[in-house]
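Visitor: Residue numbers (the working numbering), protein chains in the order written: chain S, 728 to 1086; chain V, 14 to 573.
It should be emphasised that the hints constitute simulated quantities derived from the structure, not laboratory data.
One or more hints might be untrue.
To be verified - Dumping the calculated BS3-like pairs for lysine-lysine here, alpha-carbon to alpha-carbon at most 30 Å:
(1) S/Lys742 - V/Lys268
(2) V/Lys175 - V/Lys159
(3) V/Lys499 - S/Lys736
(4) V/Lys268 - V/Lys234
(5) V/Lys484 - S/Lys832
(6) V/Lys274 - V/Lys175
(7) V/Lys510 - S/Lys813
(8) V/Lys453 - V/Lys84
(9) V/Lys115 - V/Lys290
(10) S/Lys794 - V/Lys246
(11) S/Lys832 - V/Lys392
(12) S/Lys832 - V/Lys499
(13) V/Lys494 - S/Lys825
(14) V/Lys246 - S/Lys736
Stated by the list, open to error - From the derived model, a few chain V residues whose C-beta atoms are all more than 12 Å from chain S:
(15) Ser366
(16) Ala503
(17) Ala505
(18) Ser506
(19) Thr512
(20) Ala518
(21) Asn525
(22) Glu540
As the list claims (entries may be wrong) - Covered stretches of chain S (in silico footprint by chain V; criterion: 3 or more residues with CB under 8 Å from a CB of chain V, positions within the stretch not fixed):
(23) 734-743
(24) 788-795
(25) 1072-1082
For glycine and all other residues, C-beta sits at the position ideal for the given N, C-alpha and C.
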Amino acid sequence: MERQKVISKLTHLGKDITEDIMLHQSPGIRMPQRGIGNIHFNEKKNLLELGDKRSTRSFLNVAHSRKFMQTILIASKCKEFVSRDKTASIRELYYQLKHTIADTKENTFDDQSESDPLIVDLEMALGVLREELHLKADDKGTLIGKITIEDSEDFIDCSKLGRSGLSIPSIVEHYKFHDVEADYILVIETGAMFDRLVEEKYHLKNNCIMVSAKGQAARGCRRLVHRLNHELKLPVIAFTDGDPWGYYIYSVMKAGSMALAHESKRLGTPKMKLVGMTMTDIDTYGLDKVTEKLKDIDKKRINELLQYPWFQNKEWKKELDLMSKKGVRIEQQALASKSLEFVAEEYLPEKIAKKQMLP
Amino acid sequence: MVNMELNREKHADELFKEFRETSITEFFRKNRAHLGYSGKLRSLTTVVHEIVTNALDACEEAGILPDIQIKINALNSEHYKVFGADNGPGIPLKHISDVFGKMLAGTKFHRNVQLRGQQGIGVAGVTLFSQTTTGKPIKVKTSTGKGKVHEVELMIDITKNKADILSKKEYSQYWRGTELDVELKGVKFNLSERGPSEYLRRTAIVNPHAQIIFIDPEGRKTVFERSSEKIPKPPVSMKAHPKGLEVDDLINMSKVSKGRKVSSFLVTTFSRMSNAKVKEIQEHVNFDLNKNPRRLTWAECEEIINAIEKVKFLAPPTEGLEAIGEEQIKNAVLNILDPEFEAVLTRPPKVHSGGIPFLIEVAIAYGGHAGRSIGDGSKYEIMRFGNKAPLLFDTGGCAITKAVNSVEWKRYGMRDFENSPVTILVNLASTHIPYTSAGKQSIAEEKEVLKEIRFALMEVGRKFQVYHSRKRRALEREARKQILLKYSTALASGLAKLTNKNEEAILKELQNLVEERITGLEIEEAEEEELEPTLEGESEDNSETHGEMEEKPEGEEEVE
């Protein structure tokens, strides 16, 4: 979206509210409802989607007044960023707006956790993206492999960045892809496993691009994987710990999250598959000695996953039921019990070749 | 009626003969507690009570608006001087001895009227108490306002039960009223809830037509201003109602009857007793009601009393009951407690113990000087009255206390009743107050009395609830307004930046809008209240009314 259009949308929001005030009508901001009641799983597309329900944030409702005021402050600051063609981190935005409200001891924002969700609200109210508002989150995630990325007229060959790889920024919209030589993308949950595979030159030996999410994948990472999948038609394979948390990280990358349901179609990669760790791996590779017992909180999480519609297929049900039955979880790095090279030389190549993957 | 009373007084004299053989001091000593002279503080309060009651009753009968002054001086440890003055009708010289120097003269004990003086033994008791503790006479100065003033010093000759005048002075002066100087030993003054100051404060509340000035031993002067010019009607003495009669009452009355037959004695002596009722009684007794009433035996009287139990009578007439009146109490409460809220209620007369008429008056006062202040906080206060006389002692066992504590004040918006700045006033008016004991400081738990007090309290409680919820909503509205105004400045500045419009202009309109909306809510609430006064909180809880409560459901927020 052009900058001018974003500015005009922001100005419009302000004008509508100012008009309400001048006409002595209740000032309100209409936005899609973000609650669970307005989020559906689209089974055809395999994506979490936001429904049509909308709600109004009303200044005169004292439960909303503060958030309303904060949303407008964010909008005005974003207008300034876009106009000046500056991009600020969401933390910088928070510090730019934090001040004491006149004649009170109260701050406009107490904590960044107050401003972050309102950015999402503003995105949804205006139908613009955070990037278009010139806001970025911290960089998180790493990429390595045979691909050249064009970033602001610089060309980055991601196979020539040593063992570090490319640090994935929060905004990847401007990336252009060149010289791609890869058969697939491997998304790895933990940084440690990523490092292992880099040392084993897995990406070179197996002709793939490796991405490390480093825990729950950030928006930039998810968007990049989405683009690589959609634009370059590269299949995406996930490799996470064998526990409910790893599976949830996978599901967010695949189907989207509830908090950002409105962005699922830009962030999700529905065709993604999971290579491991699985419960069947424990038997197949004789790993029962290196499992860990499930804690109560893990068990609770398994039951939650079983409720999610995007886990409603027989493979996943079987896997989660097996986890409950065994009462154990298994980490990616448990494969090191075989040998350091095992994961790169046997486990992954074999499973991927045999297409032993979960949907 | 007049005859009847004379007879009754004779009867009291006869009673008196019985204990004249022993000494009157003996009688006093034995009955001190009954007469209100037990304890150092209580004795002093009783003395004040007798003086004030005497003044109030005299003024009432003479149709005078009372101005009363009480001054207490400390002479020594447990040694005080009490000075009382009123602007009452004064006492003619020949009656001074009877009023101040004769025990049980003109007693109110057996008159079926409602008088304050149901407690104590009258002002002669003060004389006796003074002389037994100090050996000194009391000093009386009085004049009926016709130009002659009398000053008399007197004691009671305890063997003759008659005044012993020690000195007498007469001089010309145009002045009307009575002044009394008494010295007391073995008494103690303090500012507690049972002391003279609280007694006078409460007396002032139920006697709004009186002005009472009190000067305490420290020289502090408290003036309880008159808040009403209406002098209460003196109580009417009336025939006794058959229900509630005791055998000895009946036999004593029959002895002095002028009637020739028991039947006519009954019809003329008792209220609601017709020939038809006498016929009904005849059916239940085994002797002829045509016999001479003066010849009735105890057993026969007992038969009559039992028969009366079985016969239905109309409730007694209520003209003997004198309510203080809602308007009067309200004025006094406003005057003395200066509360933020008050509600007063006089309930219609009812009967207790099978036929004794009574009525309940209650008031609730909240905020201002209501309640008792303790340190920084407040505590609730119950003001109990029996026929307008403050009941300060024996709080725990009293039906009034029990009734007040049995009400669920929480339901009426008083979350912490005991620590609220609230005064609950309850007056029981009755021709016969069912006291728990001869001390007459505590009302027995008669079922009907307890029920009436509760009903009355619940009714004023509901009024408090309406007030309280209105106040609460006003506070909420104000809080709401403050929140909106607080965020208005920041909002206006944000909007000005977004739109490049004038920040001041936006802010001004925003503030106008907030004011307008809050006022709108106030009107809405007032309208809703008219429709449904007891459904408090409805308007706020029902978000649909204002259409502004569409709170976004909490989704999980993703922090990146």
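Visitor: Compare the structure with each hint and give your call.
Guide: Comparing the hints with the structure gives:
1. S/Lys742 - V/Lys268: Roughly 101 Å between the alpha carbons, so the hint for S/Lys742 and V/Lys268 is violated.
2. V/Lys175 - V/Lys159: Cα-Cα ~27 Å, so holds.
3. V/Lys499 - S/Lys736: 27 Å, holds
4. V/Lys268 - V/Lys234: 53 Å, violated
5. V/Lys484 - S/Lys832: Holds, at roughly 27 Å.
6. V/Lys274 - V/Lys175: 38 Å, violated
7. V/Lys510 - S/Lys813: At roughly 17 Å apart (the allowed maximum being 30 Å), S/Lys813 and V/Lys510 satisfy the hint.
8. V/Lys453 - V/Lys84: It holds: about 25 Å lies between the C-alpha atoms, which stays within 30 Å.
9. V/Lys115 - V/Lys290: 41 Å, violated
10. S/Lys794 - V/Lys246: With a Cα-Cα distance of about 67 Å, the restraint between S/Lys794 and V/Lys246 is violated, given a limit of 30 Å.
11. S/Lys832 - V/Lys392: Distance of about 34 Å is beyond 30 Å: violated.
12. S/Lys832 - V/Lys499: 11 Å, holds
13. V/Lys494 - S/Lys825: 23 Å, holds
14. V/Lys246 - S/Lys736: 82 Å, violated
15. Ser366: Consistent with the label, V/Ser366 stays out of reach of chain S, its closest Cβ about 57 Å off (over 12 Å).
16. Ala503: 5 Å, violated
17. Ala505: Violated: least Cβ distance 9 Å, not greater than 12 Å.
18. Ser506: 8 Å, violated
19. Thr512: 4 Å, violated
20. Ala518: 8 Å, violated
21. Asn525: 7 Å, violated
22. Glu540: 19 Å, holds
23. 734-743: Coverage by chain V holds here, the residue count being 5 at a Cβ distance below 8 Å.
24. 788-795: holds (count 7)
25. 1072-1082: violated (count 0)
Of the numbered hints given earlier, the model fails hints 1, 4, 6, 9, 10, 11, 14, 16, 17, 18, 19, 20, 21 and 25; all others are met.
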